[in-house]
Each structure stands twice: as structure tokens, then as C-alpha cells.
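Could you put the whole structure together from the sequences, leaning on the hints where they help?
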Amino acid sequence: MVARVDSCALYGMDANLVEVEADLITGLPAFTIVGLPDAAIQEAKERVKLSIINSEYEFPLKRITVNLAPADLKKEGPAFDLPIALAILISSKQLAQKGIDRFLVVGELSLNGDLRPISGVLSMAMLAKKAGKEGLIVPTENADEAALMGDLKVIAASSLSEVVDHFQGRVSISNHSYSFPLAKEEEDPDHLDYYDIKGQDHAKRAVEVAVAGGHNILMVGPPGSGKTMLAKRIPTILPTMSFEESIETTKIYSVANMLPSKNALIELRPIRSPHHTISMAGLVGGGQSPRPGEISLSHNGVLFLDEFPEFPKSVMEVLRQPLEEGLVTISRASSTLTFPSNFMLVAAMNPCRCGYLGDRKRECSCSLSSIHQYRSRISGPILDRIDIQIEVPRLTKDDLIAERVGEPSKEIRDRVEKARKIQRERFDGGAILANANMNSRQIKKHCSLTAEAKDFLDSAIDKLGLSGRGYDKVLKVSRSIADLAASEKIDVIHLAEACQYRCFDPSQKI
Amino acid sequence: MKGLGAAGEDMAVKLLSSKGFEIIERNFSLRMGEIDIVAKDGLDLVFIEVKTRASKEFGEPFEAVSLLKQKKIYRMAEAYLAKNPFDGRAIRFDVVSILLGPERTDIEHIKNAF
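Just so you know, the protein sequences line up as chains A and B, in that order.
Every letter in the first sequence is one number past the one before it in my numbering, and letter 370, counting from 1, is 370.
Every letter in the second sequence is one number past the one before it in my numbering, and letter 74, counting from 1, is 74.
It is worth saying that the hints were derived from the structure and are not from the lab.
We put the beta carbon where it would ideally sit given N, CA and C, even for glycine.
Don't take every hint at face value.
[Said to hold, decoys possible] Some chain A residues near chain B, calculated using beta-carbon distances under 7 angstroms:
1) GLY27
2) LEU28
3) PRO29
4) LEU61
In C-alpha cells:
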């Protein structure tokens, strides 16, 4: 009898339906798996055989053929262990076929028949829903993740025999549902907060503006001035994630097998800070069967690139498409995949190779040409996509010993949320969500200036030598500043502030 | 003393004859190996490997017909056919698995085993 159990294979971000068929014929004992399986599936033979024997079922001494359909799709990973085991039990009449085909079955088996967690369960749950399945059979550890989708029956089992017992009616595993943790204020002692940062009010303000309008930001300053501290705390002032955003980010982490074990849903915006030795594939995603890279792992969060000019040029330039479109397309000979990557870029760098150009205390030892060379590592197209560029100077002695503490993150976040709300209403129904994504037409429409501001801008264009693009950038940033002040029109003070955030502009002299 | 293997082969011949097989040759051997039984089952030519075990401690007797062994029998069959051309319907490989224990004897005939 040909047994059939439905399972699925991950393919980029999405899961594809795979039918696992098994049949037995008389002959010398043999176990063959066909249907483009990878090494992990070939090895499933041993795991399946021993878990069937160790769960005290009979492993049929016949010629077993397992087929994974559709035959042209490459399948990989250990998630097929459980469906293969069930299909063999069905074909050897130790389990009835009835009822199982209403479920999508996934799970890795250990030699004693226990189920182990697998990656990408959220995508699989989405597939189950789309394919009209009644539910999903998953290892216990993945149950929360599977239940996030709602409307699906989630059967969480810890071993092969539990699944069999459930379908034979000996025990009934009840439907697992996800209980959202009660809203709690983070009281972690290590919890980051802007409260910890002394001084640097100018930089903190710039970060606030950047977050309010979704602008990318570049911080330039000598070593030890607090660039990293500032960057690491950005997630604490980002607006709270919506459920949809949480699901999107969780899906990426699930596919990358990086989901923290205790909470299934990622509710805090991620911050990723890859080292500058990262490869192109590590940053944008890749591999033979492409996996999401750092830019996708920072989807709906922050990508922090410290020592920005040290990143290889090729790696830096691949950021262009994701910065523009919020997604990244990876093309390989075998496939083309798209991963979401809508992140806020936060870059930090020293002003020159030695790090002390413009410092109050130490003299810079770089030659003019070396400064030039260092700065030119960041190309125009990348700089164009960074709306806010600020200097973060070394702290003065007074700042260091001052008892004064900064403003807590929560207060800043409240202001940011207000500014974001204004923007949501402004772009209601449009494709964009934040000021940073406006195109020139939208800038014209939404950035109306007061009469004085117009005069101010006129003279600024001359004095600062603003290019067309520089002009757009100043307007976008001043729009965000005005939103923070809840002002409908952009005024001189907003424009003047925006003009300060362009210290690294190509038109600026060293 | 006659070995376990030979005793098993005698049992296999008896079983096959009772099933109407016409035994053509026993222990067809060349330098590279041996085929236990060559027989005719109706229009088919059948090469039969007999595996005899005294206990199940190391698995069923037929589990011992490894892939390597199968390949060997396959090559032997080719050598046999080179010497004795066959124009019947099909060529088949069977296994007779015999458990010759102190208390009980199991005999199993697997048709078309590989």
C-alpha cells in the first residue's frame, strides 16, 4: 500500500508542499529515498530506522522506497524524518492512513524516537494555512512558533510514539495555542537606555530625528567618543513593532534557525552589528541554498556598521539595492530568491585613519592624501542614501565628571511615536511609511515652507553649495524635525537644524 | 561433518523442487565465486542464493545478503549465461533464507529479491 504524508521543504523564506510517499515491496531489505534529497535526508534512513525500532514498532524488512514529490524540487534538512517514519509505519500497516493527510508533518528524529526542533516552522505554518490544511504536527519546541499563525490546529509531540498514539486514539494531544506574554516593562539590569549616555546631546538629538523619520545615519568621531553606545541604544527608541512586523522578522529568524528558544515571537526590534570582515554572502545572504544575511536579520530593526570605511568596497556597494527597495534579491544559477531587508542603517567611522582629525586634545598624524583616501572609501551612491551625517566629538572633562544623566529612552520613544503617527497619516495608503522614503514629487507636496524658511533656504543653497540631491535631503530631514515639533509647515529653525546634519557631505571641505 | 551451509542448501533444494522448480545446477563455481542453485521456474531462469543461520542474533539470515554479495551473484550469473545461453522469458534472482535453530527451523523463499 502506498502511504502518503504531507510535509514541506524550505525554499528561501517560504515553504513548499512536499508529498512524502512510501511503499514496500518484497525483496531483500533495502531503503531508498528518491526525489532530490540532500545529505541530511539520505542520513534520515538511519535515524528513521532506529527510531522506529526504539519506539518498539516494527521496521519492515522489505524493499522500502520513499519518494519526495515534486521530484524536481531540491529538498534538504532533517525536517523529513518524522513524515518518512510515519509513511513507513502506514505502508507497513502499523498505522492507518486516515486523518494524517489533513496535517502537515515536520520534525527531526533522534535515534531513540524523540523529536527535535527544526527551523522555519513559521513559514511552514503559513503554508499549511494556504494549502488548506487543518493543522500541523511539530516538535514540542516549535509549537509556539507554529501557533503564531492562529486558525491552525497545532499538534505538538515530543516523540514518534506520541504522534502514533494520537492518531490511534490512545492519547489525545490537545491543540497547542500561543499565549502572548503579558505586556511587561523591561526590568533587566543590563537593559540599555539613553539614560546612560553623558553629554552628546547634539548626537542624541540627531539620532532622535533619524529614528523619527526613518533616516539612515552616519556618525563620525574619534575613538571612545560614544558612537557605539549611541548606536546600540537605537532599538530602545524605535517605535514598538506591530504584530505584522513581528511576524515578518520572526519568520526570517526562524528560517535562519536563530530564534531565541524562550520566546517564539520577536517583539523587540533587532540590532545587528556585523564585524567589518564580513563577506558579501554573510551580509546580504547567500550560500548554495540561500540563507538570509545580516541585512535581512535586521529587517524592521537596525543594521549597525562600525568602522564603516573598513568594510570591503564590494560588500558596501551591495547595500544599495536593499537601502533603496527594502528587500534583497539573490540570484544563483539554480534559483532567484528575495529576502525582506527593510532596516535603518547606522554607520560609524573615525574622521581619518589615525582617528583624531579635528580632535580637541590629540593631533591628527594623517597626511591630507591619506585622509582623502580614507574618506573616499565610502562612495557617493552610498552617502546619498545616508540622510543624516553627524560629528560625535570627544567628551569634554566637564561632561565626563558631570553627575547629569540623560533623558530616558522611553521619553524619546514617545516623541518618536508621535512623529511616526503624523507620518502614517500623511502617507496614508501610500507605499511609503516614513519621510526618508519620499521621492521628489512627494517632497514637493509634503514639505511646505513658511515664507521666512523659503528665504533661509535660498541663502543656504548658495552658501552651502547644495546640490539637487543635497537640497532634497535637507528638506526630508527638516520634515522629520518639524514632525517631531508637531508643526505642519517647515520653519527656519527646522531647516537650520537639518543643515547641520551634513558634515560628511561631498561638498564639505575637510 | 557436513556444514550448516550445505545442510541449508539441501533443505532449499527440497523446498524448491516441491514448488515445481527444475534444478539445473548446484554449486556452480568459478574462480570468482559460487552460485548455490541454478533452477528453472516455468519459463524463468532463477539464480538462488541460500543463506543459513543458526540463530537470529545478528539479524535475519536474508539480511546478510549484502549489496556486495548481490553484485557478485550478478557477475556470476553473467558468467553462467555466457557458458549456457538462455532463451526463456526472464532471469530472476531469489534468496532462500533458512534459520536452522536448535528448537525451530524457519525457511523463507524471497522471490525476485534483487
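For each hint, the structure was consulted:
1. GLY27: Holds: closest Cβ of chain B sits about 5 angstroms from A:GLY27, inside 7 angstroms.
2. LEU28: Where the cut-off is 7 angstroms and the nearest Cβ of chain B is about 5 angstroms from A:LEU28, the hint holds.
3. PRO29: 6 angstroms, holds
4. LEU61: With Cβ-Cβ at 6 angstroms, under 7 angstroms, it holds.
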